[in-house]
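Asker: One-letter residues, chain by chain:
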Amino acid sequence: MNFWSDPINFLDDWLKGVFAGWGADLLLAHIVTAAIGIIVLILFAMLVAIFLVWVERKVVARFQDRVGPNRIGPFGLVQPFADIIKLIIKEDITPAGADKFVYNLAPVLALASVILLWAVVPLAANIYGVDLNVGVMYLVAAGALGALAIIMAGWASNNKYALLGAFRMVATMISYEIPMVVALLIPTVLAGTMSIQGITLAQADTWFFILSPLGVLIFLISAIAELGRAPFDLNEAESEIIAGFHIEYTGMKFGLFYAGELLHAFTFGGFMAIMFFGGWRFFGLEQYSPFIGMIAFMGKALFGYWVIMWIKYTMPRIRIDHLLAFNWKFLTPLALVTLVATALLDKLLAGSAGWLHALVLFLANLFIGWVTVEILRATGRRRKVEEKDAEAVRTLAPSEGHH
Amino acid sequence: MQSEWLYIGLFLVIGIIVPIVPLVASRLLAPRKPNPIKQSAYECGMETVGESWVQFKAQYYIFALVFLLFDVETVFLFPWALSLNALPLFAVIEGVIFILILVAGLVYAWRKGMLEWV
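Residue numbers (this note's numbering), protein chains in the order written: chain A, 937 to 1339; chain B, 6 to 123.
Read the hints as simulated data drawn from the structure, not as lab findings. For clarity, every value in this text was computed on a predicted model and none was experimentally measured. By construction, the Cβ of each residue, glycine as well, lies at the ideal position given by its N, Cα and C atoms. Warning: the hint list may mix true and false statements.
[Unchecked claim] Label pairs and their calculated CB-CB ranges:
{"hint": "1", "chain 1": "A", "residue 1": "N1006", "chain 2": "B", "residue 2": "G110", "range": "54 to 60 Å"}
{"hint": "2", "chain 1": "A", "residue 1": "I967", "chain 2": "B", "residue 2": "I102", "range": "56 to 62 Å"}
{"hint": "3", "chain 1": "A", "residue 1": "I1008", "chain 2": "B", "residue 2": "A35", "range": "56 to 62 Å"}
{"hint": "4", "chain 1": "A", "residue 1": "F1011", "chain 2": "B", "residue 2": "P93", "range": "43 to 49 Å"}
[What the hints assert, rightly or not] Here are the simulated BS3-like cross-link-like pairs (lysine-lysine), alpha carbons at most 25 Å apart as the crow flies:
{"hint": "5", "chain 1": "A", "residue 1": "K1026", "chain 2": "B", "residue 2": "K117"}
{"hint": "6", "chain 1": "A", "residue 1": "K1248", "chain 2": "A", "residue 2": "K994"}
{"hint": "7", "chain 1": "A", "residue 1": "K1265", "chain 2": "B", "residue 2": "K38"}
{"hint": "8", "chain 1": "A", "residue 1": "K1320", "chain 2": "A", "residue 2": "K1265"}
{"hint": "9", "chain 1": "A", "residue 1": "K1022", "chain 2": "B", "residue 2": "K38"}
{"hint": "10", "chain 1": "A", "residue 1": "K1265", "chain 2": "A", "residue 2": "K1248"}
{"hint": "11", "chain 1": "A", "residue 1": "K1022", "chain 2": "A", "residue 2": "K1036"}
{"hint": "12", "chain 1": "A", "residue 1": "K1026", "chain 2": "A", "residue 2": "K994"}
{"hint": "13", "chain 1": "A", "residue 1": "K1265", "chain 2": "A", "residue 2": "K1324"}
{"hint": "14", "chain 1": "A", "residue 1": "K1026", "chain 2": "A", "residue 2": "K1036"}
{"hint": "15", "chain 1": "A", "residue 1": "K1036", "chain 2": "B", "residue 2": "K117"}
{"hint": "16", "chain 1": "B", "residue 1": "K43", "chain 2": "A", "residue 2": "K1022"}
{"hint": "17", "chain 1": "A", "residue 1": "K1320", "chain 2": "B", "residue 2": "K117"}
{"hint": "18", "chain 1": "B", "residue 1": "K38", "chain 2": "A", "residue 2": "K1036"}
{"hint": "19", "chain 1": "A", "residue 1": "K1283", "chain 2": "B", "residue 2": "K43"}
{"hint": "20", "chain 1": "A", "residue 1": "K994", "chain 2": "A", "residue 2": "K1022"}
With the hints as extra help, turn the sequences into a complete structure.
Answerer: Structure, rendered in structure tokens:
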């Protein structure tokens, strides 16, 4: 075992050896080593979050035909650190009537909920925090804490706009949780395990996006809604309720919400990579070094994050009744149909060759997608005819009055 | 098994401490000069009329009921999805029937107009 083939266990053994040399208790050495590992993992996540601030600002600038930050450091790379210093030395204002405990807890929880997700993210075959056997369930549970933080912030701020933002977040959360969980059930069915590392390992032959392209789409849409990013950013809708839930937050507390949001988006990009795009797998190259796997995973996660950004800066915000209708009348039925088809076909083709299994599932997904588009088209045509009839009745009515 | 959840517990503690660090730094470094106008609720420069904790109609409470139904469903679906390979085909189809019954509930709510914005 050396550093390049198994870095975590190598450093783990080395640290434990150091503590044993100091004559420390074995249990204590174990806990301290784990704590050091956790701190390194969290600091890595924080570093990613700081980098994401730069990525976000640079990419949105390009989408809007601007240059973006380019003054501090090469390509403006040091800009986020300047932002952090500015946010830390800015005066922190607590509104007079706020519920202080909840008000202060909300930004901490917003970031902590994302950090918690990093405990189960497999960065490479042997670089991960912990491999829970209920990893998918843990992901759903810890992910929902972020929405709770937003609701807490909106409620505790003692501001009407913030309260409206919180209530809108409740509406989003009680809807889009369902298609997301159903979309996560699809890789669970295909891999036969809820362990996140196990799902990555099960994608040795085919990545799951080939077996379930609809699953990717459903997961992506519901993840964006859960994040509260445009076009589902009704909870902060700056043109309607100014900034929604974080309207009363200043300085570093706002910074924590911002960092939490960006890291959350990146982490969901990462989970999309793990669930459907093979995680740290990269065409067999990952077996030479875990660091190649880590680079592959980060690249895929960044790509997922970029897609989320692309959607954010392209689509206009949707109305709240459309938000709910889109979920309950389109996304949830589609997710359930996809799950049933995947489960049945996976069971029926259990003993068959890998390529046949993949081909049939892929074609089944294409078929479901085609039927969905046809149903949507027919509905659209019917609506148009109904509208035209209503228009005709309206224009006829006054001329009849003359007779 | 137990050590995995101890690890998560340790992760939770450190994960809460890390966001508190910049807040403490801010408390130490930032100026603090509160005054009543600064602390008043922000409403685009207008004075707040009445209470800030206003009551309004949450028009989606019916959706919340439907959500509860499906959320419980997914909890039952996870064990089914996990043991899919071990189950006989009959049990898999039974799981599908379970989903269909819930879909029937969704269709019923849809037809009754519960999924409309009221």
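Asker: Taking the CB of I967(A) and the CB of I102(B), does the distance hold inside 56 to 62 Å?
Answerer: With a Cβ separation near 49 Å, I967(A) and I102(B) fall outside 56 to 62 Å, so the hint is violated.
Asker: Please work out if K1022(A) and K1036(A) have their alpha carbons no farther apart than 25 Å.
Answerer: 24 Å, holds
Asker: Within 25 Å, alpha carbon to alpha carbon, are K1265(A) and K38(B)?
Answerer: 52 Å, violated
Asker: Given the proposed pairing of K38(B) with K1036(A), does the C-alpha separation stay at or below 25 Å?
Answerer: 17 Å, holds
Asker: Assess, step by step, whether the Cα of K1283(A) is no farther than 25 Å from the Cα of K43(B), and give holds or violated.
Answerer: 63 Å, violated
Asker: Does the structure keep K1248(A) and K994(A) at a Cα separation of 25 Å or less?
Answerer: 14 Å, holds
Asker: Between K994(A) and K1022(A), does the CA-CA distance stay at or below 25 Å?
Answerer: Satisfied, since the Cα-Cα distance of roughly 19 Å is no more than 25 Å.
Asker: Does the structure keep K43(B) and K1022(A) at a Cα separation of 25 Å or less?
Answerer: Holds: K43(B) and K1022(A) sit about 19 Å apart, inside 25 Å.
Asker: Quick check: does the Cβ-Cβ distance between I1008(A) and A35(B) fall within 56 to 62 Å?
Answerer: 21 Å, violated
Asker: A range of 54 to 60 Å was offered for this pair. Does it hold for the Cβ distance of N1006(A) and G110(B)?
Answerer: 55 Å, holds
Asker: For the pair we were handed, K1265(A) and K1248(A), check the Cα-Cα distance against 25 Å.
Answerer: 23 Å, holds
Asker: Given the proposed pairing of K1320(A) with K1265(A), does the C-alpha separation stay at or below 25 Å?
Answerer: 19 Å, holds
Going down the numbered hints, you'll see the structure goes against 2, 3, 4, 5, 7, 15, 19, while the others check out.
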